[in-house]
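Engineer: Listed here are the chains, written in short residue letters.
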Amino acid sequence: DTEVTQTPKHLVMGMTNKKSLKCEQHMGHRAMYWYKQKAKKPPELMFVYSYEKLSINESVPSRFSPECPNSSLLNLHLHALQPEDSALYLCASSLLPGQGLNTEAFFGQGTRLTVV
Amino acid sequence: KQEVTQIPAALSVPEGENLVLNCSFTDSAIYNLQWFRQDPGKGLTSLLLIQSSQREQTSGRLNASLDKSSGRSTLYIAASQPGDSATYLCAVGGGSEKLVFGKGTKLTVNP
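Line by line, the protein sequences give chains A and B. The opening residue of the first sequence carries number 1 in my numbering; numbering runs sequentially from there. The opening residue of the second sequence carries number 1 in my numbering; numbering runs sequentially from there.
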């Protein structure tokens with residue numbers, strides 16, 4: 001099983017709403033990632049969790065709040081977003097270099113977020 | 001700071017052609033390099049991972065090569081099919097958890 005599952009697939013939210021994106025993997029990967037992708041651009045790294053601890057925050061605004069409740073789950077909590085935050089949000093996972101040589105990253109199908 | 005460049009930005013070929021996509025990177029101290037494909041509005045599908053100690057990897061009609069010293073990788077697609085139409089992304093891993101992506105090559109294979 002090389003699947004990373006993201007829910008929901010689509011989300012429309014107002015600027016005063018609070019919502020959460022969810023990501024799940026069962027490959028034993030201890031690195032999990034959130035990326036943001038705007039149209040016709042490559043993915044941009046937002047956050048990395050290593051062994052359930054936040055290891056990288058790419059200076060993301062605090063209206064995005066990540067959470068890693070266990071080794072299989074990753075959440076992204078959204079609050080007071082702006083229309084320019086509309087994008088495809090991608091979750092990924094991989095082994096860490098200390099877990100093995102093959103650190104191939106696997107991505108989910110993404111959540112298409114629209115902020116109105 | 002690692003920078004990844006993909007050439008060409010777009011490519012249109014007739015079905016059946018063999019083709020090469022190029023990826024170059026500025027810092028040769030890489031841990032691995034990964035090729036992905038992305039269909040419109042979808043997530044990324046991993047195609048091939050090449051470790052820094054490897055020269056090439058093959059999967060079906062795909063062959064990826066890596067030349068660390070020159071900072072280059074190529075993705076060779078044999079006997080292209082319309083179903084190969086997608087954007088192909090190259091990403092370089094530096095040993096931390098970060099992947100640095102190129103901007104991608106949009107491939108169109110015409111029937």
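A portion of the hints provided could be inaccurate.
[Unchecked claim] Per label pair, the in silico range of CB-to-CB distance: (1) B:31 <-> A:8: 30 to 36 angstroms; (2) B:29 <-> A:12: 27 to 33 angstroms; (3) A:17 <-> B:78: 34 to 40 angstroms; (4) B:63 <-> A:52: 35 to 41 angstroms; (5) A:27 <-> B:59: 16 to 22 angstroms.
[Stated by the list, open to error] Distance condition first, Cα-Cα at most 27 angstroms in a straight line; then the derived DSSO-like pairs of lysine-lysine: (6) B:1 <-> A:36; (7) B:106 <-> A:38; (8) A:53 <-> B:106; (9) B:1 <-> A:53; (10) A:41 <-> B:42; (11) A:19 <-> A:9; (12) B:98 <-> A:38; (13) B:1 <-> A:22; (14) B:106 <-> A:36; (15) A:9 <-> B:98; (16) A:38 <-> A:22; (17) B:1 <-> A:9; (18) B:98 <-> A:53; (19) A:18 <-> B:1.
[As the list claims (entries may be wrong)] Among the chain B residues that face chain A by a calculated CB cut under 10 angstroms, a handful are: (20) 41; (21) 58; (22) 106.
Rather than coming from a laboratory, the hints here were simulated on the basis of the structure. Yeah, the Cβ is synthetic: ideal placement off N, Cα and C, and Gly gets one too.
Engineer: With reference to the structure, classify each hint as holding or not holding.
Structural biologist: Here is how each hint holds up against the structure:
no., hint, verdict
1, B:31 <-> A:8: 30 to 36 angstroms, "33 angstroms, holds"
2, B:29 <-> A:12: 27 to 33 angstroms, "43 angstroms, violated"
3, A:17 <-> B:78: 34 to 40 angstroms, "48 angstroms, violated"
4, B:63 <-> A:52: 35 to 41 angstroms, "37 angstroms, holds"
5, A:27 <-> B:59: 16 to 22 angstroms, "19 angstroms, holds"
6, B:1 <-> A:36, "20 angstroms, holds"
7, B:106 <-> A:38, "15 angstroms, holds"
8, A:53 <-> B:106, "36 angstroms, violated"
9, B:1 <-> A:53, "25 angstroms, holds"
10, A:41 <-> B:42, "13 angstroms, holds"
11, A:19 <-> A:9, "13 angstroms, holds"
12, B:98 <-> A:38, "19 angstroms, holds"
13, B:1 <-> A:22, "31 angstroms, violated"
14, B:106 <-> A:36, "19 angstroms, holds"
15, A:9 <-> B:98, "25 angstroms, holds"
16, A:38 <-> A:22, "19 angstroms, holds"
17, B:1 <-> A:9, "33 angstroms, violated"
18, B:98 <-> A:53, "15 angstroms, holds"
19, A:18 <-> B:1, "35 angstroms, violated"
20, 41, "7 angstroms, holds"
21, 58, "15 angstroms, violated"
22, 106, "9 angstroms, holds"
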